[in-house]
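**Student:** Sequence:
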Amino acid sequence: MIGNWNGTVGRVVRNRPAPVTYALIALCCLIFLIGPASGFNPGYGSGDELLAAQRAYFRRWGVVPGELFEGAPRAVLTPATALFVHGSWVHLLGNMLFLYVFGTMTEDRMGRVEFTLFYLGCGYLALLGYAAANAESSQSLVGASGAISAVLGAFLYLFPRARVTSLLPFLFFLPLRFPAWVVLPFWAALQWVAAGRAAQGPGVAYLAHLVGFGLGLLYAWARFGTEQGPKGGPGRAAVGDGRAARVKAAPAPAPEGENQP
Numbered sequence: 001m002i003g004n005w006n007g008t009v010g011r012v013v014r015n016r017p018a019p020v021t022y023a024l025i026a027l028c029c030l031i032f033l034i035g036p037a038s039g040f041n042p043g044y045g046s047g048d049e050l051l052a053a054q055r056a057y058f059r060r061w062g063v064v065p066g067e068l069f070e071g072a073p074r075a076v077l078t079p080a081t082a083l084f085v086h087g088s089w090v091h092l093l094g095n096m097l098f099l100y101v102f103g104t105m106t107e108d109r110m111g112r113v114e115f116t117l118f119y120l121g122c123g124y125l126a127l128l129g130y131a132a133a134n135a136e137s138s139q140s141l142v143g144a145s146g147a148i149s150a151v152l153g154a155f156l157y158l159f160p161r162a163r164v165t166s167l168l169p170f171l172f173f174l175p176l177r178f179p180a181w182v183v184l185p186f187w188a189a190l191q192w193v194a195a196g197r198a199a200q201g202p203g204v205a206y207l208a209h210l211v212g213f214g215l216g217l218l219y220a221w222a223r224f225g226t227e228q229g230p231k232g233g234p235g236r237a238a239v240g241d242g243r244a245a246r247v248k249a250a251p252a253p254a255p256e257g258e259n260q261p
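By UniProt numbering, the letter at position 170 of the sequence shown is numbered 170, and the numbering carries on one by one without gaps.
Calculated from the structure, these hints are not laboratory results. All clues stand as given, with none of them false.
The following label-pair restraints were derived from C-beta to C-beta distances:
| id | residue 1 | residue 2 | range |
| --- | --- | --- | --- |
| 1 | GLY111 | PHE69 | 33 to 39 angstroms |
| 2 | ALA80 | SER38 | 19 to 25 angstroms |
| 3 | LEU27 | ALA135 | 26 to 32 angstroms |
Just so it is clear, CB atoms sit at the ideal spot from N, CA and C, and this is done for glycine as well.
Given only the sequences and the hints, what does the whole structure look like? Please build it.
**Tutor:** Rendered as structure tokens:
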């Protein structure tokens, strides 16, 4: 949940639709439903046949670092196609929740075309960065987490005072509200710690999260850093009729990472 945010940099903001964010969510969900990971498509079989189909599917559309840097033309496209492929229901729903919560406001600030290019470009580079750091790996990498992490980085710069409701396990999952400048750096720090402890093999590509988050933050700083709102600084412009706008969604501790089958 995000609430009581005070507009964006340099212009008045009202609650408006975010068609690009909604389209990305719909496309990811559709691709997942027709793919083998959902279990809904009988054409992929069942049991061992289904598992084999999933591995082949992820390998075809996901990033395989060992193949990416061999120069195959098809492999060069996989950091883009992998953004729309997810490995499980938890993986998909976690990512789409974060894209919905943080993407709508970021899209409204950037504009539809710029947000689309930002999302795809940062997502591609995040997966490319992970692949470069694991160039010998033969594991396939799928998921939108790199792009969504970039959205989080941009959101942090654009809306640092937006209050985010979080569930903290060590506080018995009590819903607590903190400003984005507290929650999102804490999330990034967790990714950093997890990336340092990540072992070889299937799991979460925390490095892709870090690369995406850094790219999003740097882009927002470079793109909007010279703009000033009425109060000065990001996230302080007045909202429409002067009342605080609210954006609600169910909270979650962190977006699921890229799945490496």
